[in-house]
Amino acid sequence: MTLMYALLALATVAIVLAVLYRPFGDYMAWVYTSRKDWKIERGIYKVIGVDAKAEQTWQAYLRGVLAFSAVGVLIVYTLQRFQQWLPYSLGLPAPSESLSFNTAVSFVTNTNWQSYSPELTLGYTVQFAGLAVQNFVSAAVGIAVAIALVRGFAYRRSGTIGNFWVDLIRGTLRILLPIAVLGAIVLMIGGVIQNFNGFTTVTTLTGGTQTVPGGPTASQEVIKLLGTNGGGFFNANSSHPFENPTPWTSMFEILLMLAIPFSLPRTFGRMVGDNRQGVAIVSVMAVLYIASFSILTALESAGMGTAPGLAGGAMEGKEQRFGIIGSTLFATTSTGTSTGAVNSMHDSYTAMGGMMPMLNMMLGEVTPGGVGSGLYAILILAVIAVFISGLLIGRTPEYLGKKIGPREIKLAALYILVMPTLVLAGTALSFALPGVREKVESTSIWNPGIHGMSEVLYAFTSAANNNGSAFAGLTANTPWLNTALGVAMLLGRFVPIVFVLALAGSLAAQDKVPTTSGTLPTHRPMFIGLLTAVTVLVTALTFFPVLALGPLAEGLM
Amino acid sequence: MSTLTEPRTTTAGTPGRKSGFTWEQVRAALPGAFRKLSPKEQWRNPVMFLVWVGAALTTMLAVVEPFIGGPADSGGTVVPWSFTWAIAIWLWLTVLFANLAESVAEGRGKAQAETLRKTRTSTMANRVTAYEPNTDAAAEQAATTQVSSSDLTLGDVVVVTAGELIPGDGDIVWGIASVDESAITGESAPVVRESGGDRSAVTGGTRVLSDRIVVRITSKPGETFVDRMISLVEGAARQKTPNEIALNILLASLSIIFVVVALTLNPIASYAAAPVSVTVLVALLVCLIPTTIGALLSAIGIAGMDRLVQRNVLAMSGRAVEAAGDVTTLLLDKTGTITYGNRRASEFVRLGGVREQDLIRAAALSSLADPTPEGVSIVELAEAQHGEFDRNTVGEIVPFTAQTRMSGLDLPDGTQIRKGAGSAVLAWIEDGGERSASTLVAELDEYVERISQSGGTPLVVATKDPAGAGRLLGVVHLKDVVKDGLPAKFAEMRAMGIRTVMITGDNPLTAAAIAKEAGVDDFLAEATPEDKLAYIRKEQEGGNLVAMTGDGTNDAPALAQADVGVAMNSGTSAAKEAGNMVDLDSDPSKLIDVVRIGKQLLITRGALTTFSIANDIAKYFAIIPAMFMGVFPQLAALNIMGLHSPASAVLSAIIFNAIVIVFLIPLALRGVKYRPGNASSILGRNLAVYGLGGVITPFIAIWLIDLIVRLIPGF
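In the order they appear, the protein sequences are chains C and Z.
Residues in the first sequence are numbered from 1 upward in steps of one, following full-length UniProt numbering.
Residues in the second sequence are numbered from 1 upward in steps of one, following full-length UniProt numbering.
There could be a bad hint or two in this list.
Listed next, with one range per pair, are the computed distances between beta-carbon atoms [claimed, not checked]:
{"no.": "1", "chain 1": "Z", "residue 1": "K673", "chain 2": "C", "residue 2": "T515", "range": "24 to 34 Å"}
{"no.": "2", "chain 1": "Z", "residue 1": "L711", "chain 2": "C", "residue 2": "T483", "range": "49 to 59 Å"}
{"no.": "3", "chain 1": "C", "residue 1": "D26", "chain 2": "Z", "residue 2": "K673", "range": "37 to 47 Å"}
{"no.": "4", "chain 1": "C", "residue 1": "T515", "chain 2": "Z", "residue 2": "E380", "range": "44 to 54 Å"}
{"no.": "5", "chain 1": "Z", "residue 1": "S270", "chain 2": "C", "residue 2": "V71", "range": "40 to 50 Å"}
{"no.": "6", "chain 1": "Z", "residue 1": "D151", "chain 2": "C", "residue 2": "P514", "range": "48 to 58 Å"}
27 Å max Cα-Cα, derived DSSO-like pairs, lysine-lysine [stated by the list, open to error]:
{"no.": "7", "chain 1": "C", "residue 1": "K46", "chain 2": "C", "residue 2": "K36"}
{"no.": "8", "chain 1": "Z", "residue 1": "K240", "chain 2": "C", "residue 2": "K512"}
{"no.": "9", "chain 1": "Z", "residue 1": "K240", "chain 2": "C", "residue 2": "K410"}
{"no.": "10", "chain 1": "Z", "residue 1": "K110", "chain 2": "Z", "residue 2": "K40"}
{"no.": "11", "chain 1": "Z", "residue 1": "K110", "chain 2": "Z", "residue 2": "K240"}
{"no.": "12", "chain 1": "C", "residue 1": "K512", "chain 2": "Z", "residue 2": "K538"}
{"no.": "13", "chain 1": "Z", "residue 1": "K110", "chain 2": "C", "residue 2": "K410"}
Chain Z residues, not near chain C, derived (Cβ > 10 Å throughout) [what the hints assert, rightly or not]:
{"no.": "14", "residue": "P31"}
{"no.": "15", "residue": "Q42"}
{"no.": "16", "residue": "A137"}
{"no.": "17", "residue": "R212"}
{"no.": "18", "residue": "D326"}
{"no.": "19", "residue": "R350"}
{"no.": "20", "residue": "L368"}
{"no.": "21", "residue": "A424"}
{"no.": "22", "residue": "A427"}
{"no.": "23", "residue": "R471"}
{"no.": "24", "residue": "G519"}
{"no.": "25", "residue": "G543"}
{"no.": "26", "residue": "T610"}
{"no.": "27", "residue": "Y620"}
{"no.": "28", "residue": "L707"}
These are calculated hints, taken from the structure and not from any lab test.
Because the structure is a prediction, the values reported are computed rather than measured.
Just so you know, even glycine gets a beta-carbon here, dropped at the ideal spot from N, CA and C.
Sequences and hints are given; from them, build the entire structure.
Okay, here's the thing in structure tokens:
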């Protein structure tokens with residue numbers, strides 16, 4: 001039964017995405033290559049003083065990304081700190097400095113880690129003017145960076161890699177906004193709320209009173225998923241009936257998360273002029289996604305102990321209306337896309353099962369990864385894979401006609417270094433700094449021992465990968481974790497972007513080497529297999545020891 | 001001249017050297033290996049430097065431990081007292097093995113360098129004090145002074161006579177001499193060097209056997225060709241190539257990740273489990289960082305250069321060797337590379353009414369005194385078809401001149417025999433006042449045309465009797481003979497993604513025919529040096545990498561423009577200066593070997609990198625359970641090799657890590673076997689051998705080592 005449901009769910013996702021792949025990928029390619037500006041875009045360019053026809057060097061592009069994001073952090077931070085004076089604040093006070101910093105960074109970096117309970121912390125103005133705006137533009141920034149890298153492969157002897165402001169605005173106006181409007185309507189039809197009611201106090205059947213929060217949820221919900229953000233309107237995120245009322249809205253939300261990341265490879269193939277390259281990339285993503293989903297589902301269905309046995313699987317922390325498949329599919333999607341939304345509590349998964357969401361993130365978010373970030377992350381891995389396989393065939397390595405020399409490999413290698421360093425150093429520091437360790441043990445960790453360690457590891461993995469999902473069970477709203485996780489998110493987002501854009505610049509400046517029969521074909525199954533192996537191996541070698549100390553030690557018990 | 005199919009193994013100085021590695025080599029390399037233990041040497045290789053630091057650290061621990069109550073528990077397990085010592089020793093051995101690999105690789109060049117050094121011993125030179133090229137080119141009147149060869153500088157002019165060593169690299173400005181160049185090329189037959197033209201370059205240290213020459217020195221002291229050769233074969237001048245640098249960066253960043261893994265492990269373990277001892281942590285780090293490839297990387301590079309040297313090719317930079325692996329267009333000179341140097345007679349075509357034996361006899365007689373290879377081949381063919389000729393036929397030899405475009409023989413009885421270009425021979429007959437029958441001429445034209453179309457050279461044979469009556473006999477078909485096995489070779493190149501282009505001075509018709517026969521992809525007919533240069537530029541603009549050979553001064557621009565330019569040692573110094581490789585055998589066909597060696601070099605690097613990284617999986621399965629089994633007994637489930645104890649597991653992994661280097665030294669020196677094929681098939685094969693092999697091998701090897709290690713008391 002489980003197997004059939006799992007296959008059915010997977011088939012649904014696969015069919016919808018396969019249908020979307022071509023038209024949507026081509027549409028996005030058109031968005032970023034079209035010479036024409038829309039009227040509204042021309043208006044915006046005039047206001048912000050951008051020459052839409054002028055392309056930028058990678059340095060200028062990077063300055064745009066960094067400046068825009070820095071301003072974003074500043075705005076979201078300021079809005080929170082002044083919350084009590086803002087309209088529609090629902091009478092909520094300003095969050096603490098460390099929490100405001102954490103939240104601001106979290107939404108600008110497309111992480112959407114939430115150290116707080118949204119309905120009890122943030123009013124509508126901050127949610128709308130701060131967080132919702134970032135939900136759109138942080139996603140647009142991610143796609144822009146990926147497109148810039150793709151241009152690096154597509155351009156020949158070019159000093160420029162596109163215009164950041166144009167990419168940002170087009171991505172927002174032509175891709176995210178229209179789909180968000182349609183998606184919000186669908187979600188509202190499905191029962192997701194959309195109001196400005198504030199808190200409603202109701203009398204329950206037993207006569208007690210309950211305060212039920214309302215709010216403009218559907219409009220937030222759709223971009224939370226479409227932009228692989230993940231920051232919920234409510235603390236319970238997509239397991240809350242106001243955010244995700246039915247099994248079919250859950251499936252719709254899954255598709256929203258996967259739509260852009262799984263279609264971007266087509267955009268890539270289209271822009272470099274060889275659609276087979278896009279198919280190769282999407283295949284690697286799909287293989288890893290399916291493998292991860294299958295393992296997680298198998299582990300959760302098998303369950304462990306008496307309670308799961310009676311329930312027919314590990315149902316703790318899962319919503320009855322979604323069941324195991326609905327939960328594991330959502331979890332695989334959400335952690336594989338750097339969304340971080342949850343419709344079940346990963347902390348309550350079986351020990352080994354809980355390792356799978358963590359692994360999805362540790363893979364560097366490439367299954368299929370966040371909007372844009374998934375594509376550039378896997379292209380970096382492809383550069384590494386091409387380097388090794390190029391040597392194996394006796395050619396100095398090249399990818400899509402671009403030579404992978406010392407500079408390119410240096411940038412790719414530095415990119416690979418960032419995430420593991422942040423995850424491991426963050427986790428280690430939490431236990432190594434004497435003052436910090438006591439705080440972490442006494443206030444943050446609610447499940448001492450191996451599982452507590454896993455929770456901290458999960459938090460830093462989530463932050464450094466800009467995923468934002470939480471293992472729950474961990475109180476993260478402390479000065480140390482707010483700050484450390486904030487820094488991890490910030491570095492985990494922008495340091496890799498620096499390397500990606502530098503790589504884009506270096507590739508764009510190169511000429512293309514013609515393809516001969518001596519060239520390694522990067523669209524064949526062998527390369528797909530190799531890239532998959534490199535992705536898994538890099539992760540496995542880096543994280544095996546800590547996983548052995550955490551989920552493996554717990555799961556093998 | 002070697003053909004393409006037989007690989008050359010003889011070398012200057014050390015003929016018949018094999019590429020294996022023997023005990024003598026190891027013995028010779030050992031002192032160097034120990035010398036390289038100095039941290040100053042290790043610093044250049046980040047991966048091995050980390051091992052060095054680990055070895056130093058564990059040694060210190062091993063020394064201190066007895067005073068602080070034995071080795072600390074690790075991950076909740078008690079380790080034997082000898083554990084730290086054992087790890088320290090094996091870590092030092094790991095470093096030593098890496099050094100050994102490099103020393104052995106370097107040692108292979110040493111012997112050759114020694115031979116070369118002998119030629120460099122300072123000789124006395126007769127320097128012309130005031131050389132007057134216009135009035136006294138032979139420097140017979142000018143005064144000379146005796147100076148040491150080491151004092152000669154650029155532009156000096158010296159006189160060298162028979163029996164003397166040439167004191168420095170230079171160009172002959174006057175005279176002709178036979179020179180023994182065996183000191184450099186290993187070839188004992190003397191070569192002729194003369195002023196002007198493409199054979200004017202002489203190399204310092206070679207000996208003039210006959211005659212007297214005036215040489216203008218073209219090298220600075222200490223920068224002569226021999227000096228460069230010495231530093232090249234010794235590996236002293238070796239600079240890291242771009243690809244090697246890139247690989248080093250990748251390896252270094254992998255190492256950094258693993259350093260982070262090791263450094264963060266204890267803080268994390270201290271909360272959830274129990275901290276691991278420093279020794280085990282070092283062992284974990286060393287097992288994870290790619291030591292195998294790190295240890296062998298420089299040996300691979302040196303050995304790659306050495307493989308070229310063994311084929312008597314000197315690469316002026318490692319970059320050129322690497323570029324050779326990437327070459328996509330190969331410019332090959334027709335003569336000597338694709339065809340045997342000379343045309344050979346392949347057929348006698350008689351005209352109607354002529355007896356075959358008359359034609360053969362006339363052709364043979366006219367060629368008997370002709371020393372050119374074409375003439376010799378005509379006689380050979382005639383004898384093969386007709387039987388032996390009396391070689392002492394008397395008569396007056398008429399040599400070939402550019403004016404008559406004929407050669408031949410005037411017999412004592414007045415009969416004249418001529419062979420030559422069709423139009424010239426016809427004119428010669430008409431000169432006797434007689435017109436050949438038009439039907440005959442038409443027939444002749446037909447044969448000539450047919451032979452030309454097929455890429456051959458028609459040689460018309462005719463006689464005039466004493467009375468002056470001319471008679472056309474027939475045509476000798478001279479043919480460019482394509483070397484055996486070439487079409488297959490070129491097909492192989494095509495599969496590897498390399499286009500072969502034939503360069504020839506022939507007319508397009510002839511060129512096309514030979515190109516077709518040899519199976520090259522393209523040809524450049526009636527090629528001037530400018531055409532070559534233009535062709536290379538055009539190819540490079542399309543992103544191709546071009547390799548070519550050349551020897552003349554007018555080849556120099558093209559040699560410099562090509563990505564891989566192999567200059568013939570027989571060529572001018574300008575050509576040698578412009579190319580980035582010099583072929584001492586002056587065998588243009590070696591270009592193909594050079595490409596092969598370039599590819600082999602890269603593949604060897606890739607194979608060992610893949611192997612090294614793939615090894616990590618097994619090492620993890622040995623070490624991770626060992627590290628924490630004391631605290632989490634359930635991790636024994638990961639001990640799939642069934643290793644005896646945590647201590648023996650860690651030590652076995654470290655021992656494997658060290659000795660695998662030794663096992664792979666021969667492979668690093670010899671290079672991975674290269675079988676031509678398209679990219680996918682090569683990748684598939686190498687991934688299976690080095691990727692899959694790299695995953696499986698250590699599981700078996702570590703398990704075997706553990707069987708022995710567990711016998712050590714305490715383990």
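Verification of the hints:
no.	hint	result
1	Z:K673 x C:T515: 24 to 34 Å	26 Å, holds
2	Z:L711 x C:T483: 49 to 59 Å	53 Å, holds
3	C:D26 x Z:K673: 37 to 47 Å	46 Å, holds
4	C:T515 x Z:E380: 44 to 54 Å	48 Å, holds
5	Z:S270 x C:V71: 40 to 50 Å	41 Å, holds
6	Z:D151 x C:P514: 48 to 58 Å	52 Å, holds
7	C:K46 x C:K36	15 Å, holds
8	Z:K240 x C:K512	25 Å, holds
9	Z:K240 x C:K410	16 Å, holds
10	Z:K110 x Z:K40	22 Å, holds
11	Z:K110 x Z:K240	20 Å, holds
12	C:K512 x Z:K538	14 Å, holds
13	Z:K110 x C:K410	34 Å, violated
14	P31	32 Å, holds
15	Q42	21 Å, holds
16	A137	49 Å, holds
17	R212	50 Å, holds
18	D326	5 Å, violated
19	R350	47 Å, holds
20	L368	51 Å, holds
21	A424	46 Å, holds
22	A427	51 Å, holds
23	R471	56 Å, holds
24	G519	16 Å, holds
25	G543	4 Å, violated
26	T610	6 Å, violated
27	Y620	5 Å, violated
28	L707	25 Å, holds
Hints 13, 18, 25, 26, 27 from the list above are not met by this structure, while the remaining hints are.
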